Amino acid sequence: MRALYVWLSRLIALAVVLQVLFIAWSAFDIAKNAGDGIPFTEDTEQNIGQALHLYVGMMAMPVLALLFAIVSFFAKVRGGAALAWVTLGLVVLQIALAYASFAAPVVGMLHALNAFAIAAVAGVAGSRATKSGAAPAAPVASGGPGVPAGA
Amino acid sequence: MTPARVLRWGAAALSVAIVGTLGWLWFDSRVPSTYSVMDMGYVDAGGGPVGGHVHGGAGGVSVATLTGPADAEPAVSLTLTARAETITLASGERVAGYTLNHASPGPEIRASVGDLVRVDLVNESVADGVALHWHGVRVPNAEDGVAGVTQDAVPPGGRHTYRFRVPDAGTYWYHSHQVSHEQVRGGLFGMLVVAPAEGPDVVAPVHTYDGRRTVRGGTGERRVEAPAGSAVRVRVVNTDNGPLRLAVGGSPYRLLAVDGHDLHGPTEVTGRGLAVAAGGRADLGIVVPASGGGAVRIDLGAGSSLVLGPPGAAAPAVAAPAATLDLLSYGAPAPVDLSTSPADRSFEMRIGRRPGFLDGRPGLWWTRNGRLFPDVPMYLVRQGDVVRMTISNDSGEVHPMHLHGHVALVLSRDGVPASGSPWWTDSLDVDDGETYVIAFRADNPGIWMDHCHNLPHAADGMVAHLAYEGYTTPYVVGGPARNAPE
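Chains A and B, in that order, give the protein sequences.
Using our numbering, the first residue of the first sequence is number 1, and each one after it goes up by one.
Using our numbering, the first residue of the second sequence is number 152, and each one after it goes up by one.
No lab work stands behind these hints: they were computed from the structure.
One thing to keep in mind: the hints can contain errors.
Said to hold, decoys possible - Computed footprint of chain B on chain A; a stretch qualifies when at least three of its residues, placed anywhere within it, have a C-beta under 8 Å from a C-beta of chain B:
#1 13-21
#2 26-38
#3 41-49
#4 70-83
#5 103-110
Since the model is a prediction, treat every value here as computed from it, not as a measurement.
A virtual CB, placed ideally from N, CA and C, is assigned to each residue, including glycine.
With the hints as constraints, model all of the structure from the sequences given.
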């Protein structure tokens, strides 16, 4: 379970990185097309970057975050459940921010900021699971030298 | 039990509850592959009486019997052959799509008020099947062309005949109502103009092919010759999914008609643009300047414009107008043949958006009265009823609402009564935060779609139906004909 917890945390952080890549692709594609005289309207088919961003954001991310939250109960990571549920909460917030941004595009900056928060919280959770090696009920195997958990 | 065990069991129970709830919501949202719209959602009688046989489709007059005149000689008769093929735009670009008689837009149909129109639709190569809907025309229900509601989709190799009288003069259009969100975008549509209208006119269908906005089938600037000093009626048709914002430069304009219905006392407009709802039409009265040698430019956005004037006349670019013409107060009031107080039925359509599953797909989906497709309202009326409908939108996006088979009068917006010309519409943009009250007479029996004409929205379940008591449809969505109206 702990290994699964770690992998899910990494997948979530990776998905955030992918989302940034996809949306950058999409934005430049729109700009290039506009330069070629093809403006972006309600009747423009979504470009690949957009489609991937939508798919990962609306399907893959929520599923990963939900699994992460559930697995956290059984992974025996100190503070792991709290971090995983915060991750899930931030993913839900992220979707809400995305739809709020269609009405008020400047909110999109919060959407971007929150993306980094998701990656950070998932990353912290993952590193805590790999470094602390401690379960609440198990003896504390003190982490290795160097970076403290959560850094 | 130790606290740790309690926590463990609690966590397990919570996990099961979450997954179980989501699983059940997913399972429950799935739509059967074949269903009748008569069985969908719930009946809303709008405060009127409810007879027997409304839901469930048992009994009642079949809409298949509600055809146009069968024996009279048609005044206008033509065959439209639908094909999936490459379209060459008037401006030369080639795009993959659909044609009628090898053209997109398809042939322009011209008729006079009261004419019987006969159209033989032949499907040569559109794999999903086709059906033709006469947008805005008050046709008998069996001629409405909605696959799965008023007919079966015409498969490749099949044919279907439409016969109907055109009761109102004006600008209309026809388009596929089978897999319409793909087929209309791909070009399966054409214009229908019903005379009389004084003077010369120009049809100006605006359509986006593969991301390129066109007017009269071509991208960029399209020129139509018109002598200096001449008055021209320009019939703008928005065949796209978003609102069309146009601006006129070089002369003022009058808005002569909306959705095929003439406005009363249209005044000259300068410095204001016009928004045309998706599926909607606007007839502009343009007078080419008599002196100065200039032309009139109608800017249609996204690089597309129509220029009217003598050959070679200069038509400077149009500055983006600061404001849009408000139809609620445009023109002069006039009596209407519709007494709306009291109405026999009052319906509500609250458009919203919420997270959920739509046929198993998670997302944020459009709701009507708080409910997701397929739990959509079936508005029940009796022939002769005067119906008021309050449409409010709190969904974050504009929705062009289109009621088939009827034309509705706008009574008010956000509580402000209409003060201009009577404003009849069949495709009404209801913007985020707006509430419109409209009214219509239920005088055309059958089962009618009432949906968002942003066709991908309709495909995402933004549909409802208007049903006349005592009528039912034998057609099903899905089924052997693979009917998919949206």
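Checked hints:
{"no.": "1", "hint": "13-21", "in the structure": "violated (count 0)"}
{"no.": "2", "hint": "26-38", "in the structure": "holds (count 3)"}
{"no.": "3", "hint": "41-49", "in the structure": "holds (count 5)"}
{"no.": "4", "hint": "70-83", "in the structure": "holds (count 4)"}
{"no.": "5", "hint": "103-110", "in the structure": "violated (count 1)"}
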